[in-house]
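Please build the complete structure, drawing on both the sequences and the hints.
2 protein chains.
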Amino acid sequence: MTLDAVLARIDADLPQATDRLLELLRIPSISTDPAYKADCDRAANWLVADLQSLGIDAAKRPTPGHPMVVGHVDGPDDAPHLLFYGHYDVQPVDPLDLWDRDPFDPELQDTPKGRVIRGRGASDDKGQLMTFIEACRAWKAEHGTLPCRMTFFFEGEEESGSPSLVPFMQENAEELKSDYAMICDTGLFDSRVPAITTMLRGLLGEELTITGPDKDLHSGMYGGAAINPIRVLSRIVAALHDDTGRITVPGFYDGVPELDPALRAQWDGLGFDHGAFLGDVGLSQPAGEQDRSALEMIWSRPTCEVNGIQGGYTGDGFKTVLPSKASAKISFRLVGDQDPLAIRDSFRAMVRDMLPPDCTVEFADHGASKAGQFDISAPAYDKARQALSDEWPDAAAYIGCGGSIPIAGHFQSILGTPPVLIGFGKDDDQIHSPNEKYDLESFHKGIRSWARILDALS
Amino acid sequence: MTLDAVLARIDADLPQATDRLLELLRIPSISTDPAYKADCDRAANWLVADLQSLGIDAAKRPTPGHPMVVGHVDGPDDAPHLLFYGHYDVQPVDPLDLWDRDPFDPELQDTPKGRVIRGRGASDDKGQLMTFIEACRAWKAEHGTLPCRMTFFFEGEEESGSPSLVPFMQENAEELKSDYAMICDTGLFDSRVPAITTMLRGLLGEELTITGPDKDLHSGMYGGAAINPIRVLSRIVAALHDDTGRITVPGFYDGVPELDPALRAQWDGLGFDHGAFLGDVGLSQPAGEQDRSALEMIWSRPTCEVNGIQGGYTGDGFKTVLPSKASAKISFRLVGDQDPLAIRDSFRAMVRDMLPPDCTVEFADHGASKAGQFDISAPAYDKARQALSDEWPDAAAYIGCGGSIPIAGHFQSILGTPPVLIGFGKDDDQIHSPNEKYDLESFHKGIRSWARILDALS
Numbered sequence: 001m002t003l004d005a006v007l008a009r010i011d012a013d014l015p016q017a018t019d020r021l022l023e024l025l026r027i028p029s030i031s032t033d034p035a036y037k038a039d040c041d042r043a044a045n046w047l048v049a050d051l052q053s054l055g056i057d058a059a060k061r062p063t064p065g066h067p068m069v070v071g072h073v074d075g076p077d078d079a080p081h082l083l084f085y086g087h088y089d090v091q092p093v094d095p096l097d098l099w100d101r102d103p104f105d106p107e108l109q110d111t112p113k114g115r116v117i118r119g120r121g122a123s124d125d126k127g128q129l130m131t132f133i134e135a136c137r138a139w140k141a142e143h144g145t146l147p148c149r150m151t152f153f154f155e156g157e158e159e160s161g162s163p164s165l166v167p168f169m170q171e172n173a174e175e176l177k178s179d180y181a182m183i184c185d186t187g188l189f190d191s192r193v194p195a196i197t198t199m200l201r202g203l204l205g206e207e208l209t210i211t212g213p214d215k216d217l218h219s220g221m222y223g224g225a226a227i228n229p230i231r232v233l234s235r236i237v238a239a240l241h242d243d244t245g246r247i248t249v250p251g252f253y254d255g256v257p258e259l260d261p262a263l264r265a266q267w268d269g270l271g272f273d274h275g276a277f278l279g280d281v282g283l284s285q286p287a288g289e290q291d292r293s294a295l296e297m298i299w300s301r302p303t304c305e306v307n308g309i310q311g312g313y314t315g316d317g318f319k320t321v322l323p324s325k326a327s328a329k330i331s332f333r334l335v336g337d338q339d340p341l342a343i344r345d346s347f348r349a350m351v352r353d354m355l356p357p358d359c360t361v362e363f364a365d366h367g368a369s370k371a372g373q374f375d376i377s378a379p380a381y382d383k384a385r386q387a388l389s390d391e392w393p394d395a396a397a398y399i400g401c402g403g404s405i406p407i408a409g410h411f412q413s414i415l416g417t418p419p420v421l422i423g424f425g426k427d428d429d430q431i432h433s434p435n436e437k438y439d440l441e442s443f444h445k446g447i448r449s450w451a452r453i454l455d456a457l458s
Numbered sequence: 001m002t003l004d005a006v007l008a009r010i011d012a013d014l015p016q017a018t019d020r021l022l023e024l025l026r027i028p029s030i031s032t033d034p035a036y037k038a039d040c041d042r043a044a045n046w047l048v049a050d051l052q053s054l055g056i057d058a059a060k061r062p063t064p065g066h067p068m069v070v071g072h073v074d075g076p077d078d079a080p081h082l083l084f085y086g087h088y089d090v091q092p093v094d095p096l097d098l099w100d101r102d103p104f105d106p107e108l109q110d111t112p113k114g115r116v117i118r119g120r121g122a123s124d125d126k127g128q129l130m131t132f133i134e135a136c137r138a139w140k141a142e143h144g145t146l147p148c149r150m151t152f153f154f155e156g157e158e159e160s161g162s163p164s165l166v167p168f169m170q171e172n173a174e175e176l177k178s179d180y181a182m183i184c185d186t187g188l189f190d191s192r193v194p195a196i197t198t199m200l201r202g203l204l205g206e207e208l209t210i211t212g213p214d215k216d217l218h219s220g221m222y223g224g225a226a227i228n229p230i231r232v233l234s235r236i237v238a239a240l241h242d243d244t245g246r247i248t249v250p251g252f253y254d255g256v257p258e259l260d261p262a263l264r265a266q267w268d269g270l271g272f273d274h275g276a277f278l279g280d281v282g283l284s285q286p287a288g289e290q291d292r293s294a295l296e297m298i299w300s301r302p303t304c305e306v307n308g309i310q311g312g313y314t315g316d317g318f319k320t321v322l323p324s325k326a327s328a329k330i331s332f333r334l335v336g337d338q339d340p341l342a343i344r345d346s347f348r349a350m351v352r353d354m355l356p357p358d359c360t361v362e363f364a365d366h367g368a369s370k371a372g373q374f375d376i377s378a379p380a381y382d383k384a385r386q387a388l389s390d391e392w393p394d395a396a397a398y399i400g401c402g403g404s405i406p407i408a409g410h411f412q413s414i415l416g417t418p419p420v421l422i423g424f425g426k427d428d429d430q431i432h433s434p435n436e437k438y439d440l441e442s443f444h445k446g447i448r449s450w451a452r453i454l455d456a457l458s
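The listed protein sequences derive, respectively, from chains A and B. Residue numbering for the first sequence follows our numbering, starting at 1 and increasing by one per position. Residue numbering for the second sequence follows our numbering, starting at 1 and increasing by one per position.
Each hint can be trusted.
Below are the DSS-like pairs computed for lysine-lysine, each with C-alpha atoms no more than 25 Å apart in a straight line:
no.	chain 1	residue 1	chain 2	residue 2
1	B	60	B	177
2	A	60	A	177
3	A	60	A	37
4	A	215	B	113
5	B	177	B	140
6	A	113	B	215
Listed next, the stretches of chain B that the computed footprint assigns to chain A, with coverage defined by at least 3 CB atoms under 8 Å from CB atoms of chain A:
no.	segment
7	226–236
8	277–285
9	349–361
10	427–435
Hints are computed from structural coordinates only; laboratory data are not their basis. For every residue, glycine included, the Cβ atom is placed at its ideal position computed from N, Cα and C.
Written as structure tokens, this is what we have:
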């Protein structure tokens, strides 16, 4: 049984695989911050070298931003050509004082819930990305070759809006086309139930800066008489939702479908524990639209969230300044056929309508992508689902996902390649937050899952 | 004419006096930031040494925070005992990138409007404080003695809420009592009209921090379902004013007097140029209560201003975080008989009432002082007004002031000493802002004004 030999090798090699991941996690490849540009490059070099060590023809490919890593390896004609996508960049780490250790000095930790790999990027997405590479490494060690023709495609800008991705895919479309694009950047349904994600929310990112006076003022001298841009910004932010939690941007709900009753029934059958989901983060009540379940809110309903707000003096102590500027970063999660560009226009018009005299606004664009829903009739879906079910305690589920992975849509629209989203993250991985971790079980069984999927598809 | 000799010496000594001020301005005595504690101490030492060089018995006096500087000098029995108050601490300097030069590398600059001393603290309050010391220096050089018994009292916590001031005044009340407390921390009415400020607004400083989830979350995973504390904070801030600019804190206007018609007539007679006042800072329309003039707003009406707001990711780029916390610093300027402690309670109750389930709030207290209105029937007022009128092109005015100088009320209530507020700052001094300056004319004629006042009172 060759699959068994591969799985046994994965088990035996787990300590070395973990060390390799820790090495990659030590590179602080924060893509959104220009200070870490050289580190992003270093992470790309690391991946190129690792792929080359597996006999893969890999190279760093320049972009106007951080480089892509692309690798190819040939395989038998009767097996499908698989592309594998992941990203080597990570989120910023602030607030740093909430981390228990240096986010870029990762380690394997024993916790009451089991062993975890702790560090920025452990789950999103370096740990996930390495599950696939480690599966290939074990396969190659046992067989001397890989089971099918493969393309590896890793980007370094996923956490900063992927500005180079679409142009790169368009320019290299022939090279990147494959039968399936396996994307490892999603999660399990829970620790027993693996998942293939077939619905993703879209994302519109907007930053607005309100300017009132042309300089910072003394609030004692000017307060009352001069307009305060924080007050203006707060009124705008407060107006984005009504009292029932609905988003008030005109036309926002155009194209939002009602959930298919069959899908709702399947979701209801998952036994999602709303109380535990919120309880894990210190909350008890869903905060969104009053007539929706928490699962419906995060998988199938659009949102508007302020991700950051800033204005005036925010240091220690007190400063009676009336600031010139105040700004906010706002993201909209989109579903169904919502049009991100129409919503951007409507949002900006709404903001401009709310500006008092003497105030101006500037907008910065942080990306716009439509929601994705994937056709699961391709045969790879059922095979992958069966392979996952063989590895984990319970059968795999087709699920939705609150996050946005715009690349899934790009594979479909630019390359005509159907995306297959399989990942092993957990809800408590604290991605984008302090103390990010990846369960050692996610890493281990993730590697084993890919070996099973390769076996099933080849 | 001995006054003429003193004035002539002030004119001759102006370059040296300016150099001394530049030396004091080079000490970054930011009281609100613990990183500058040693610098605050250094500024206090500098003042002690300078007072001692004038034969004044001066010493640094410890407090739980930054030290007081207290000096005494004896004088003839038939002249009043004058106390002089100023503060040696300064405001923080951010945003640093808006300064044209290092705020603590001050210099004398030629500008289209005349020569200015540029640097943090030039106007607020080191430059003002030095006008009085320089007047004493010139007097002493001509006469060998000072004209009256004097107490010098400088604090180093004025820009951070003066936490040590009241206890220190209470513990040293006998030592600090005098006939008049001259406070140099206010402004001219304009470049022709000097002023004695007889009305000051009070100040209530509040900081609130809203907590929703107990950790930062991924807005894609939790957005919509988990309450966002920035949204909650924005609703609270937005609700502090109604659409007509009135402040909505229950009971806020209790104790706010209508302006005395005679005083309103005097103010109307000042020919205050509302358009120029706002135009100087890039605005055109008063933003406060719709039925009040800008002068009324800043001198006689209470305000509520957000001085800082912060939550989530505020660095470069974008991060789809749903933060655990969001906070704001809010100051209220108070007038008449408004009770700062009652308003604090009412404000906090209003905030708590607006909290949704699952959210908590913490408050930090940044000081509370009542408004001040001073009795101008004491004879020193008229003498000082005449002396000021002799120095400046036009006659001096009794005016109000939008800022808060709590110490003025403390002199009255704790020591029974009537305060006399005379200063030479200008509206465009950019105190608390980048590029703070003090006109060389303010400094020069300020020193000359104090020499005249000393002559008139002694």
